[in-house]
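Reconstruct the complex from the two isolated chains, following the hints.
Note that the protein sequences, when read in sequence, are chains A and B.
So the first sequence is numbered by our numbering: it starts at 1 and just counts up by one.
So the second sequence is numbered by our numbering: it starts at 1001 and just counts up by one.
Since the hints were derived computationally from the structure, they do not count as laboratory data.
These numbers were taken from a predicted model, which means no experiment stands behind them.
Every residue, glycine too, gets a C-beta built ideally from N, C-alpha and C.
Some clues are possibly wrong.
[As the list claims (entries may be wrong)] Just some of the chain A residues that point at chain B, by a computed CB distance under 7 Å:
#, residue
1, 14
2, 20
3, 21
4, 23
5, 24
6, 74
7, 105
8, 110
9, 134
[As the list claims (entries may be wrong)] Pair ranges (Cβ atoms, derived):
#, chain 1, residue 1, chain 2, residue 2, range
10, B, 1955, A, 63, 36 to 44 Å
11, A, 15, B, 1955, 38 to 46 Å
12, B, 1866, A, 15, 52 to 60 Å
13, B, 1864, A, 63, 44 to 52 Å
14, A, 199, B, 1744, 52 to 60 Å
15, A, 203, B, 1744, 54 to 62 Å
16, B, 1911, A, 63, 50 to 58 Å
17, B, 1627, A, 63, 56 to 64 Å
18, B, 1737, A, 15, 47 to 55 Å
One-letter residues, chain by chain:
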Amino acid sequence: MSQDTFIVFIVDDDARVREALTELLEAIGWRAAAFGSAGEYLSFPRPPLPACLILDVELPDINGLEFQKQISDGDHPPIVFLTGHGDIPSSVRAIKHGAVDFLTKPVTEGSLLTAIRSAIERDRVAREERAEFEILQQRLDSLTPREREVLPLVVSGLLNKQAAAELGISDVTLQIHRSKIMQKMEAASLADLVRFAEKLHIPITHSRRAGSS
Amino acid sequence: MEAVLTQRQYVPVAAALAVGIAASWLSASPVGLLAPIAALYLFVRRAAPLLHVALAGGAAAALLVATSDADAMREAAQAWAALCAVALCIGVMITSGEPASPNAGAWVIPRDEVRPYPVIGPTPREKVAPRSSPAVGIAARDDSATPALMLAASFWGGTPFHLRYWRIQSDGSGRWTEVRTEASREPCGTQQWRSFTTDVGDQRSMPRQPTKIASNPSDTDETVQAARIVESLLGNAWAFDANGRPTYLSPFAQSFVSVTLEEFQASVDEGDTVFKRTSHPDEYDRIAAKWRHSLQSGEPFYIERRIRRASGIHDWSRTAIVPMRDREGCIVGWYGGSMDLDAYRTVELELLAREQELSQLVDMVPSHVWRLTPDGEPTFFNKRMKDFLGLNVSDTERPGMSRLAVLVDTAIHRDDAAAFRNALTSCLASGETFAMRYRLRRVDGVFRWMSSRAEPMRDHTGRILHWYGLCHDIDDQVRVEDELRASKQQLQQMIDAVPVNILSFSPSGKLTYASRRYLDKVGSPPSHVEDFSALARDVAHPEDFPAMFRNASDGFAAGQPFVNRFRRREKDGAYRWIEARAHPLRDPNGAIMQWYIASIDIEDEMRAQEALRERERTLRQLVETLPAMIDCAAPNGEPVYRSRQLRDFLGYGLEELDGEAQSRLQRTLESSVHPDDLAGVKEDYAHSLSTGDAYARRHRLRRFDGEYRWVETRAAPMLSPEGTIIQWNVICLDIDGEVRAQVELRSAQEKIARASQAASLAELSASIAHEVNQPLAAIVATSHACHRWLSADPPNLERARITLDRIIRDANSASEVVSRIRALFSQSSKTRTQVDMAEMIREVCLILADDLTAKNTHVETELSQILPQPLVDRVQMQQVLVNLIRNAIDSMEGVVDRPRLIRIRAASDGNDLVRFELQDHGSGLTDPERAFEPFFTTKQNGMGMGLAICRSIIEAHDGRLWILDSSPGGTTLAFTLPIEARPSA
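So that you can see chain B by itself, here it is in the shape it has in the complex (with noise of 0.2 Å):
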């Protein structure tokens, strides 16, 4: 602060140097230092100790040089010494202090060097401790409050100042003294005081109070009173003289920073240490030239500063200081105090920390913050709000226009506006709390969908101060809200065309949707329907309804899906069947949310169903009944089904005579088929099987029982879309009746050819009798009525004559039966055919069949494929054929040990003749030369008629019977007959 040396003291400390140096160059001694050194003593009292240490060393020195050897060095090394060690004694006994005379002299202190508490009493001789005040110093503790109170007040108030007090000397004694300190107006800015102090003696009788001597009462008092408050302020107060030094430090201040005033002034002197001391190293570059800007100006000194206490902790304070100006406004100080605004400063930091804190949040927060005068004018923006809308709250300053009309036009949505307008217009009326959803146009145009939502802030009176409102993006939740409507809407749509009805049910059972369809074809469920059960147990058909409720609890406990079939009653109470299939809806963890259960009518389709069903049934019913064995088999043959008929016929069902060896068809056959066809029906079955040709042939089939009968079986493929044979169907009918029927018709035909032919002798005299002895023994037995009728007494004329008639009748009949007779026997060509002779001799096979099986007995046929057919009488060639076999038939009868064959060929003879040859196996004739006599026979039954009548036939035929060959082995018969008809006899 304050130059080491003052403006005065320059001059005569640089005459001094100057003086010195010449005096000491011309003398060529350095005696001539003598002269700076005291003035350095003098003036500079803090370099006081450190001279003494210089000197001193110096003097040491130089001796010690002295001592030493050289000559020329010697003579200056005293000379050195010399000055040294005076200049040591000079600055010993000027610093020392001189206990005051008693008539210690005025001293004048100049005002700008007044520091605050002005030293009062001492001497520049003496010292005083520094840091100590000096009336501590000089008096008793106890007294130095008011000699320092009087010094303050009249030191601020400008009055003389008298005081006598006890003086402590440095030696301790004490001494009374009495001061006197008057104040010299001088103009502008050199104000003096001037001090007087005597001393008064050394009497401790006199109290050692302090005593005011004289003083101006009236100014004391109050400079005195306002002193105290200053003193008592808490706050520190300084002083400084209009040079900037300090004058004054209150006591709070001197505690606060641990300084007293003479420190504070010492350190002025030293560069402001203490200053830059209690200063914070940031500041004190700023407040220091902030001071001097002061100093020089006459400009207030304001300013918050941290203020170093001992303590070492930073302290806010605001320090004003300011000028003090005298009449001619000339400043004669300045005076200030500094608050410690630590508590204040700290606060005021902190909120202002908050402040921006909060005002970064208002600015960060992801919504547009937004406050309305109660008028609904925009007053604030947060910073979001004004990056959207590229605007601020002063941009909506038009002429003519409200600031919220123009932010309303520019910002908001057109379609929007009115709507907007209206709803805030009423909020703002009304109080109550604006909520609103709107489209609000962005910095670059595009608008984004905004929910907004303001409230009012009210006073304690409930006076509406603000509206303060919040305005947030909500544009992606509004497009996701309109696609999630849209998509539900889709979903509904869809729902409700599918032709599925749906219904959901919570996991408890609880009914929670039933789709449209369902509603409109069923109807809403009653209200007392609110879950499964009772949704169940109202449109179920009763009997349908166990079953399917059943299903569906043990679904529902199991969680697992299930579907259900019945019948379920529609709007109209018709049932129909429906299929509803119910499916869990589960979360991530596995447990149910929803049951759902779509169901479908299924009504036609079991109709249809059911149709198929019956007529399946109905079918395979038809199959079975049907009279006729039927037989399904597989492409290669093999039996896949039989009927039940076949089953029951053959004895044996379908998988029964299965093996390994042969094929099932093959079994079947030779099982079931007569061995005789057994070799046809498998070539015929073979060859249809290859070529796919239906198949139909007679054969014989054995029966459960053994017995064969004849059946007539036929076989047609079954033909897939592509032409593929796929199964063989197959029809076994028995005709065994049939061709019994046949054969009986056959015999009875023959029967009667033979009644009509003159076939055999006997049969033929025996039908003879027959047929004319009836008539005959009725005839004499009419008669001998007649003659008893007529013998009667009176003669019974009418009766006779009735038996006359019926004689006449029966006469003419028994002429009938004559004639017929002769009419057979005429050989008349009428009756005369082509016939096919082959086909006749199988005919008659056919025919002998039953007799052959029985029998036992096989016939085997040669027949020429190219037979000529001869003109013949049917029933009589018949008749020869059948005679001619069963004599074949009857001569193997006791054969056992070589088959029972006949053998029948026929072949033209090339010439005009059919020749026809019958061999048997049998014994053999005994007396061939009399087979054809009549009435020989070796049969026991016989008659003996049948080979001549054969003959006699064959030759009316113009043909020839012989025997051809007759053995042991067998006997062969031949005849021919005649291509052409020869012209009858």
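Just chain A, with the same shape it has in the complex (with noise of 0.2 Å):
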């Protein structure tokens, strides 16, 4: 991994701490970025980069457990904990939160660069998903308000004119108004569509069997 395509943000109470810890990701040649507190991280600007969080739990502003919680349902890089005394509590508590893992100090290099890296993996990954997401939203909303009625029909099965007689609109319409969908929405094929579709959370609400829907 390059360097410029991460950033590993450190969040200690302790000066000591994160000067070590900076040094030895920079020896690494690992980008990183250390705050005293959970408010001084916060207010620092994110760059739009794959990120890793270590987090120590005993903070002044915040329980690092407690800001986990707290900025679970953002958009927010993935946790690694490292903390001066540890109880399983905490750090199962951690674990169910969603964090990458629960390290002591003082810490091995090697357990805490491996959590690293999968960390920033799995941040990258949700980034490109996330990318994937974006995209394909984006194609939706390029959608006209008839053919958002129509995609939901097609990526059920629907056959052509089932979907038509369901709008009340002619068949020709219809097939009109799918080529412009995959076209749109830059599907290959109608599997690829459906998988597009469930990507962006479009419910099948439709069934080809008649009498169903």
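This is how it looks when you write it as structure tokens:
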């Protein structure tokens, strides 16, 4: 991995620890940013890179676990907990809430780096997925309302005439719509479209079988 | 007047009487009386009828007697009868008249018997009606005038008188008669008239008119003329002979008194009856005396008297009767007239009366009236003036000086004299009215102020005749005026002196007076300002004008006094506050005569008031905004004021809790003071109220939301100048925050203490771990970094060096931690001090107050008064107490059936130990033996190190800690501490 493709955030109230970790990461050649409190971290403008957050549990302004819960519903980098005194309940809770790892100080280089790598990877994937979703969403937005009506019917597997009948339009019109949809959604095939629709969480509301919808 | 008999008649009558009496006596018969009786008949004609009757009567009587029996008497009676009869016959014969023979004789009428109308014709024998003029009786009426006139003429003029006339006799027949009357002169007084009467005939052929036969024509004409004049005079004319017998009476007189000459003459004989009758009774004697005097002396008789007319009215007349003398100077007669004075007299009397009235007026008028000549000389002083001055005009006569000068000198006050003289002189010269006031000296020497006025009286040409003056006593008036002036001056001075401005207005609002002070201060009102409204508009501040004008208008309209406060512009243009009070002055009927307005400057007062108000407001605001709760109470403690902060805090105001049973104070305390603190608060408060000592206490106070907050309440008494308490001022500071802060501080301190102590191994280990871990972690990470730097191609020696420095640094700090921890454990006696354990226990209770409150746990202390002070490490000991009490609290957490009470006892052991006991009412220890075992805990969250550490601390102090008692009702722990320090181990 190149340096510029990701960033490691460090949040710890102990200056020495921050210093040391930063030093280490720089020695590896990774980009790092250290903060003394959660507040400081939040106020830092986050670059659009895959990232990872090394988080201490004892923070001056907030408990690390609490913080994890707080930022869980947002776009946040995966967390690697690093704490001076860890206890099982805390670690269990951390993992359950989606942390990548829960490490205790002093930490070995290997475990730390492994954790960081997997966190970055996870973040990267997530970001990719998010980006993809963004694109799909954009494509979806480009559909006309009519087309948006047509899409669920098509991905449900309805025949053209069935879908047309459902909407009260002609077969031909539907076909036009369908081709437009395929075009806009940049789907190579129906299967692609279906997969897109799934990703976009468009519900399957209809079935080819007559009598069910 | 005249005697009944004249002198002449006396002798014969007397002789006759004498003879008769003698004869009678001699003859012894009454015959002799014939002589006197005859004489009487002859001479006293008047007596004739009487005599007739007497004689007749006598005769009759005598006869009567004669016919009666007695002899002696008979003879006498017969004689008398005969006498009477004979005498009667003689008398009748004498008196009966005989027609005059044609050659009626001449009769001599002595002068002094002459009556004004000489008896023409009738012989003594003829009877003539006495009241009618003889001419009437004799001649026909229309004849009577001429003979009468002729007679009068001859009588008066002394000329002979010859007249033929028709004479009516007593029997009614008439005969022509000629009469000749001549006067013969005899020396001195006896003038005789001889009159010859001749019967000429009875032929009626001759003209009736009596004709003058012979007379002296010239004499006759003149005399007749004169007589006519006299006759026709409108006045009474009289004539008397030398003896005073009336001889003539003018017709006017006759008619005036309704009396004829004959009557008059007759009356003289009868005693002047007519005279008496015609005079006023009061005057009669006087007049008679005067007439007699005149007759005797020959002096002319002048008299003014009242004549009584026939109607009974008295008329005033002036009678003048002068004697007529002949050539020898002998009085031959008296003649005169009288003029009716009545009108004149009446007027005169009236005039006199008026004059008197006027004089009285002039004298009685209560002023001095005086008169001066045109030169100024006094000519008249009225009575009053005379009385006043004590001198009369005549008294001002002095040689060498004018009367005026004398007057001025004596009577006029020295200071006024010159002015008086000058004024009078100029008036006299100019003719202008003189008017002056001066002081005049009264007769007793006192000077009185007089007001004098004089005006000239002019005649038709304008020339001044007199100066008339009036001089009036005005002394009292002058004095009053002086007093008035003085009092007015005084009043003015007072008004000017008093530091009040005064204005007065008429009922219509017109400005009538402004005091000097006002004018000086405010300035004279401009010319257009004449009444109240204009003045108010001019001087009142525009902002104040509407209200003050409205108030004034209402007051004026209602007639009620009013007060206004407003800013008034002064002379210099500045506005100052004034207070103006208006009051109406009413007359006795109640109508308003004047409005008086007095105003005083209240600028300073207003400013002071404003400043005061401002200060008051500031103070009030201060009190209200002070971040303190302030309460004021009466000397008995009852709250009378609560500041807003306090009201807001408590959630109720001053009177909201008021009710019947308890005092406000009680109710407040019981509502709001924490139950634990209530008793103590009440006690302390009561003590302060009774003794007056200041009150200071910390307690918990219930806030409006139910939360109890720690407050410090301080109360101080406010004293009057005499030293009595008039108010309690209370301040209540919310120290909850402070207390909490303190608590936090202590807990922080505690934390630090704990952290720096070996109080809890687990905590210690945790803290150690933390303290050490940090640098270790850093070291590890930095080491790895260093390794990498060195492994790089090329090796980054610079970076490596930096990292190694950091490693060394962090390693050192880690070792420091270790040594510090080690130091914490050491029992250095440097940190031990003598501590008041009781105080510490109280402090700890205070620190844990929150916990205690939260857990509804109470602490009771029984601390000996004379607790020795052991030598202890304050912080450690605090830790122990905190731990023990915490344990006690925790042990009672679930207790509901009994109060959660912690009892702490401390007392000296009696030896050299201080013993402490801590009892709780918890559920007791299930396993007392294992209580002190490290890591043994019954608490869910506990570490189980507390008691172990406490014991180690106590034992480090050479004391002991053990469980005294444990039961389901509670646990009691005890520990001891030595009083004296032992050398440290």
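We went through each hint and held it up to the structure:
At a threshold of 7 Å, the smallest CB-CB gap from residue 14 of chain A to chain B is about 5 Å, leaving the interface hint in force. Taken as an interface hint, residue 20 of chain A checks out: its beta carbon lies about 4 Å from the nearest beta carbon of chain B, inside 7 Å. Annotation: residue 21 of chain A was flagged as interfacial toward chain B, and the flag holds, the nearest CB pair being 5 Å apart, inside 7 Å. At its closest, the beta carbon of residue 23 of chain A sits 4 Å from a beta carbon of chain B; the interface hint therefore holds under the 7 Å criterion.
Using the Cβ-Cβ criterion of 7 Å, the hint placing residue 24 of chain A at the interface with chain B is satisfied: the shortest such distance is roughly 4 Å. Interface hint at residue 74 of chain A: violated, since its Cβ lies 29 Å from the closest Cβ of chain B, which is beyond the 7 Å cut-off. With a cut of 7 Å, the hint placing residue 105 of chain A at the interface with chain B holds, because the nearest CB-to-CB distance is about 3 Å. With its C-beta approaching chain B no nearer than about 9 Å, residue 110 of chain A sits outside the 7 Å limit, and its interface hint is violated.
The criterion of a C-beta within 7 Å of any C-beta in chain B is not met by residue 134 of chain A, whose closest approach is roughly 37 Å, and the hint is violated. For residue 1955 of chain B and residue 63 of chain A, the hinted distance range of 36 to 44 Å is satisfied, since their beta carbons lie about 38 Å from each other. Between residue 15 of chain A and residue 1955 of chain B the CB atoms are about 40 Å apart, so this pair conforms to the stated range of 38 to 46 Å. In this structure, residue 1866 of chain B and residue 15 of chain A meet the distance hint of 52 to 60 Å, their C-beta atoms being roughly 54 Å apart.
Taken as a hint, the range 44 to 52 Å holds for the pair residue 1864 of chain B and residue 63 of chain A, whose Cβ atoms sit roughly 47 Å apart. Checking the proposed 52 to 60 Å range against residue 199 of chain A and residue 1744 of chain B shows it holds: the Cβ atoms sit about 54 Å from each other. For residue 203 of chain A and residue 1744 of chain B, the hinted distance range of 54 to 62 Å is satisfied, since their beta carbons lie about 56 Å from each other. For the pair residue 1911 of chain B and residue 63 of chain A, the beta carbons lie near 52 Å from each other, so the given range of 50 to 58 Å is met.
At about 36 Å, the CB distance of residue 1627 of chain B to residue 63 of chain A disagrees with the hint of 56 to 64 Å. Taking 47 to 55 Å as the suggested C-beta distance range, the pair residue 1737 of chain B and residue 15 of chain A does not conform, at roughly 33 Å.
Checked against the numbered hints above, the structure violates hints 6, 8, 9, 17 and 18; every other hint is satisfied.
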